Each structure stands twice: as structure tokens, then as C-alpha cells.
Amino acid sequence: MRKSTMIVTLVVVLLFIASWIFKTMTAPEVDSTFDALTQGFLVTFAAFLTLAIMSFLYQDNPFYKFAEHLYVGVSAAYAMTLGFWSTLVGNLFPRVSETLCGWFQVEFSGQHDWQFLIPPILGILLLMRLSPKGGWISRWALAFIVGTTAGLNLPRFLRSDFIEQISGTFLPLLVDWEGFGHFFSNLSLSASGQFVAILSNFVIVSGVICGLIYFFFSKEHKGAFGSASRYGIWILMITFGASFGYTVMGRISLLVGRLTFLMDDWLGIISG
Amino acid sequence: MRIASFGIFILLVFGCGLTALAQDDPIDMVESEIVLPAPASKVIALNHKYDIGEILDVSWESSTSDPELVFGYIIYRSEGDNKFDSVGAVLSKINSFSDEELIPGKSYNYQIGTIGASGVALSEPSEPAIPDWELFNLEMWNIALIGFIICGAVIAYIFSAKAGRKLFIRKIGGLEALEEAVGRATEMGRPILFIPGIQDMDDVQTLAAITILGKVARVVADYDSKIMMPVSRSLVMTSARETIKEAYLSAGRPDAYSDDMAYYVTDEQFGYVAAVNGLMVREKPATCLYLGAFFAESLILSETGNSIGAIQIAGTARPGQLPFFVAACDYTLIGEELFAASAYLSGDPKQLGSLKGQDLGKVVAMVAIVLGTLAATLASAWDIEIMQKFLDNVMLGIFSNH
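Line by line, the protein sequences are chains A and B. Residue 1 is where the first sequence starts when you use the working numbering, and the numbers rise one by one after that. Residue 1 is where the second sequence starts when you use the working numbering, and the numbers rise one by one after that.
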């Protein structure tokens with residue numbers, strides 16, 4: 001370990017201890033010293049991990065590595081534990097075995113649903129991958145998952161992504177139409193006006209058609225077809241731009257959440 | 001049962017409140033105390049159509065009493081033994097009820113109780129009804145029609161491709177760069193990072209990513225380069241290992257394959273991102289491929305890839321993440337380009353036929369939109385009745401959820 005790294009590590013450890021002591025002494029509404037120590041440690045450790053992850057913005061460093069490995073290890077173990085207790089103990093055992101329910105102290109559903117034995121059988125087939133000779137058996141379970149997914153998704157996507165999108169585009173291009181004279185005499189850029197309504201519908205209909213043309217792969221995008229395709233990609237890019245700004249604002253609110261934690265819960269320099 | 005009891009309680013409280021208000025008028029008070037409302041009549045229970053045999057639809061004719069003196073209806077159910085239990089309650093303006101979670105094939109009778117200020121008047125019991133299930137949901141005929149057209153076209157194109165007919169697919173920019181990107185990584189002696197999204201094998205985008213992985217792994221094997229593939233789902237790891245192994249076998253280099261090429265990290269979204277980010281800055285891959293279903297991690301990954309100077313090719317069908325990939329990556333496969341990519345790269349007749357069939361689906365969509373919009377415009381601007389009928393009966397008949 002380099003000398004500079006050692007010094008930084010030492011400083012961080014000292015700051016951690018100082019923060020722990022301070023948060024323990026200022027812990028509100030605790031029943032015992034142990035509770036105060038625990039609360040002080042948890043707040044300090046959460047702040048340390050937040051700063052360790054944020055330190056990646058500067059460069060990779062030992063604190064980031066520590067936070068990363070801790071996060072990965074804890075989350076992987078948590079996912080496995082959750083899968084066991086919620087899927088096997090919570091869902092499977094109450095439907096297939098009164099004995100297992102007794103062992104794990106969960107309530108038996110009252111009747112055996114033998115169809116629920118199919119998923120664990122498929123799970124065991126997947127685990128056959130660990131066997132040097134029986135690895136090919138795991139493909140059966142995979143094929144079942146992929147085939148079932150495709151079959152279930154086809155009607156769902158046809159309804160939501162095809163039919164509803166098409167019927168949603170059946171829009172009149174001339175809204176509240178009473179002739180050109182009326183249109184020009186009442187021309188206004190008001191958001192609720194006729195001109196904006198017509199323009200809006202025109203952009204939706206032409207955007208959808210030209211967007212579809214962009215995703216048409218059976219013909220070279222040249223000439224008029226190419227122009228329509230370019231219009232389609234422009235519409236997509238403008239949409240992406242709007243979406244980008246909207247999402248970034250959402251991310252800023254997440255950052256504000258973490259900064260509020262650091263400033264309020266940890267340092268206590270602002271009131272929540 | 002609790003919901004039903006609660007509903008009855010609410011209706012009775014509501015009824016008592018109205019009764020109390022009506023006590024200003026002594027004549028009303030006397031009438032409400034001694035006269036029950038007229039009971040509901042013609043109670044009919046019918047099998048609910050197109051379910052899995054667990055629902056009966058109960059309907060009745062409303063009480064003929066003054067609507068202001070009828071506060072609602074209680075639905076009673078008997079399982080054939082003339083012992084009726086309440087299963088729900090509705091307000092007085094409603095005269096139907098769907099009884100759910102029944103046992104398929106079992107017979108049920110219903111009786112309706114009309115709630116008045118002075119009590120509940122019971123109707124005659126309905127004829128017995130049996131909940132049953134149907135094999136086909138005929139209300140979804142339009143989905144079947146469109147499905148048959150598109151699937152039929154896909155099958156026809158697959159046979160056509162297998163018969164040797166050359167199917168044209170236009171060039172896709174990002175894919176043209178794929179081989180170049182792998183070549184660059186080989187020249188620089190640095191690895192290629194392949195991220196197949198964070199969804200499982202039940203997501204069609206992950207399937208497309210794994211198909212593209214086959215082609216990428218083949219090029220990697222040919223160039224004797226190195227591929228790294230951390231994944232967030234165990235099933236994806238299994239499939240990825242199979243795919244990479246097959247690619248190395250077909251390249252004639254099975255000895256160069258290692259299970260360590262694809263490995264599981266964690267299911268947790270940001271735990272996975274933290275691990276991949278760390279991997280990127282430490283291993284410095286020359287090429288990063290993000291193909292599959294991505295969420296909030298898209299920008300974090302692609303920005304880190306950008307900071308280490310990697311060539312980045314991304315592809316996803318998630319509209320919310322495409323802007324970030326477009327902004328931070330060198331090439332982006334937008335939406336269906338991701339699915340087209342696997343067909344384009346493999347040249348497999350099945351995939352090419354599928355892609356051509358989907359193109360036919362797009363033609364159907366474009367024609368439908370043009371016809372529907374034209375009909376809506378003519379019907380709206382010039383009140384052409386036949387166009388309105390065409391829109392309502394034909395276009396919306398086919399292109400709407402029934």
C-alpha cells in the first residue's frame with residue numbers, strides 16, 4: 001500500500017470513529033447506551049458508504065472497492081435468501097407439504113396442489129447444468145421458459161403495442177373544421193386552439209407512419225422512402241431529447257435525497 | 001365475505017342516516033317504519049363468458065318502490081341447500097353483480113335483498129347457475145386474425161428463405177461497426193465487455209442479446225480476443241455460457257473457452273452496476289456492448305464506458321433508456337433494430353423470415369392508420385356518415401380491444 005493511501009485511510013478511519021462517537025452522543029430518543037451506539041454506527045456507516053460510492057466520480061479507489069464488494073455480496077446473499085423464504089417457503093411448501101410447513105413454521109394451505117411441483121422439477125432440471133454428463137437436461141427447462149414467455153407475450157403485445165397504438169392514431173387531421181375561411185379568420189397559437197390541435201394530430205399521425213418506415217428493414221432507405229425515414233428518426237430524436245431532460249430531473253431528485261441524508265441525518269446542519 | 005359485510009354495513013348506515021333526515025315528515029316516518037320496499041324481481045344468474053369458470057353474473061330488475069326509499073341491494077348466495085349467505089352489496093342504482101372466486105362446475109342460486117328504511121325485502125331465488133370455462137375467448141377474434149396474418153407471413157417467409165430465396169435486409173449502422181469494434185479490441189490487446197441488460201430470460205430483449213452474443217463470441221473466438229460478461233441473472237449466465245461455448249466450438253477453438261467468460265454478479269440492480277463500473281475502470285475494455293433490457297443503469301454504464309475511451313454499441317427496446325444510450329454511445333440500436341440485429345447477423349432463415357413477417361405487420365399498421373385517419377378526418381370535418389360507420393364498425397372493430 002502506498003504511503004498516501006495509508007494516510008488517507010487513517011484519516012477516514014479517524015473521521016469515522018469521531019462521527020460514530022458524535023452521533024452516539026447526540027442520538028435522540030434511545031433507551032440504552034447500546035441502542036445509541038448502534039444508531040450512531042448505522043448513520044455513520046450509511047454516510048460512509050454513500051461517500052465511498054460517490055468517490056468513484058473522482059477515480060477508482062479502495063473505499064469504492066470496499067463499498068462495491070460489500071454491496072454485491074450483501075445483495076447477492078439477500079436475493080438468494082429472499083428467493084428461498086418467499087418462493088420456496090412462502091409459496092411452494094404451503095401448497096405441497098404439511099411436514100415442510102411444520103419445519104419452517106408456515107401455515108399449510110389445507111390441500112395439496114400437485115401442479116406446484118412442476119416449477120421445482122424445472123428448477124432441478126436447471127441445476128442439472130452442474131452435472132458434467134447431464135448438463136444438456138437443463139436446456140429443457142430453459143426451452144420451457146423461453147417458449148412459455150414467447151407464447152404468453154404474443155397476444156399481450158398484439159393488444160397493447162399493436163392494436164391500441166394503431167387505434168390511438170385514428171385522429172382527424174382537420175379538427176373542428178368549418179372551412180378555410182373560418183380557419184384563417186380564427187387563426188391563433190393558443191394551446192387549446194384549432195391550429196395547435198390540427199398540428200398536434202398531424203405530427204402524431206405523420207410521426208407514427210414515418211417512424212414505422214424507419215423500422216422497415218425490407219427496403220433500402222433511399223429517395224422519398226429515405227426522406228420519410230429521416231423524418232421518422234428526427235421525431236424519435238426529439239422525443240428522446242424531451243425524455244432525457246425529464247429523466248435527468250428525476251435523477252436530480254434522487255441526488256437531493258442522498259444529500260439531504262448527509263446534511264440532515266448525518267451532519268445535522270439542515271433540518272428535515 | 002369481510003368486504004360484503006362492510007358493504008352491507010355502509011349501506012345500512014347510509015339508510016339509517018336518510019331515515020333520520022326523513023323524520024321531519026311524520027307521514028314518511030310512519031310509512032317507513034311499517035312498509036318494506038318492494039323486492040327486486042327476475043333474478044337471473046348466468047355464467048360469465050370467457051373466464052376460467054370462477055365467475056357468475058347476477059342481474060335483477062330493480063325494486064318498484066320509490067327510489068329514494070331504496071338504499072341498495074344485498075346479494076345472497078346459496079350452494080344448492082337453500083341456505084343463503086350474503087356475498088356482496090351494491091347501491092340502489094346498480095342492478096347487477098359479478099360473483100367471483102367460485103368453484104367451477106358447482107351449482108349456485110342467488111337471492112336479492114332490497115334494503116329499505118324499515119328492513120330488507122327478499123326476492124324470489126334465481127334458477128341455479130353453474131360457472132363454466134371456455135376454451136376460446138371469441139371476443140378476441142381480432143387478435144387471432146392479426147396474429148394469424150403476421151404469423152402466417154412469418155411462416156411463409158421462413159419457408160421461402162429455406163427454399164433458397166434471398167431475403168433482402170437493409171444495412172443497420174451499429175452492426176456494421178460490431179466487427180470493427182471487436183477488431184479494435186484485439187489490436188489493443190484489451191477485452192470486450194458484453195452486458196445483456198438486467199432482465200431474465202423471459203424478456204425478449206435478453207433473448208435478442210443472447211442471439212447477438214453468439215455472433216460476437218464467434219468473432220472474438222476467431223480473433224483470439226477476450227470477452228467479459230458479468231450478468232445479473234443466473235439463467236442468463238447459463239444461456240450465455242452455452243452460447244459462447246458453441247461459438248468457440250464452431251470457430252474450432254474449444255480449448256480457448258472458459259466458464260469464467262460469463263459469470264453471475266448479483267440480482268440487485270445497483271449492486272450489479274457498481275460491480276460493472278469497477279470492472280470497467282480496472283480492466284479498461286476497448287469495446288463495450290450494452291444489448292438488452294436496461295433501466296436506470298443505462299447512463300451510469302455508458303458514461304463510465306465513455307470515460308475509459310471504449311467504443312460503445314448499445315441496443316434496447318426500452319424507450320426511457322434510449323436517450324441516454326444515444327447521448328453516450330457511438331452506435332445505438334433503437335427498439336426493433338435490436339431484434340433485427342440478430343437476424344441480420346445470423347442470416348438464419350428462421351430469423352430472416354420472422355423479420356420479413358414483422359415488416360408485413362408494419363405495412364398492415366401503416367395502411368390501417370392511413371385508412372383510419374382518413375375516415376376520422378372525413379367523418380369529423382364533413383359529417384360523412386358512412387365514414388363514421390366505417391371507422392366505428394370496421395376499423396375500430398378490428399383495431400380495438402373488445
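If you're looking for bench data, these hints aren't it; they were derived computationally from the structure. Incorrect hints may have been included.
Below, in silico cross-link-like pairs of lysine-lysine (DSS-like), each with a Cα-Cα straight-line distance of 30 Å or less [to be verified]: (1) A:133 / B:245; (2) B:389 / B:362; (3) B:389 / A:65; (4) A:219 / B:362; (5) B:245 / B:226.
Since we're looking at a predicted model, the values are computed, not measured.
Okay, the hints, checked on the actual structure:
{"no.": "1", "hint": "A:133 / B:245", "in the structure": "16 Å, holds"}
{"no.": "2", "hint": "B:389 / B:362", "in the structure": "25 Å, holds"}
{"no.": "3", "hint": "B:389 / A:65", "in the structure": "66 Å, violated"}
{"no.": "4", "hint": "A:219 / B:362", "in the structure": "13 Å, holds"}
{"no.": "5", "hint": "B:245 / B:226", "in the structure": "13 Å, holds"}
Hint violations for this structure: number 3 only, all remaining hints satisfied.
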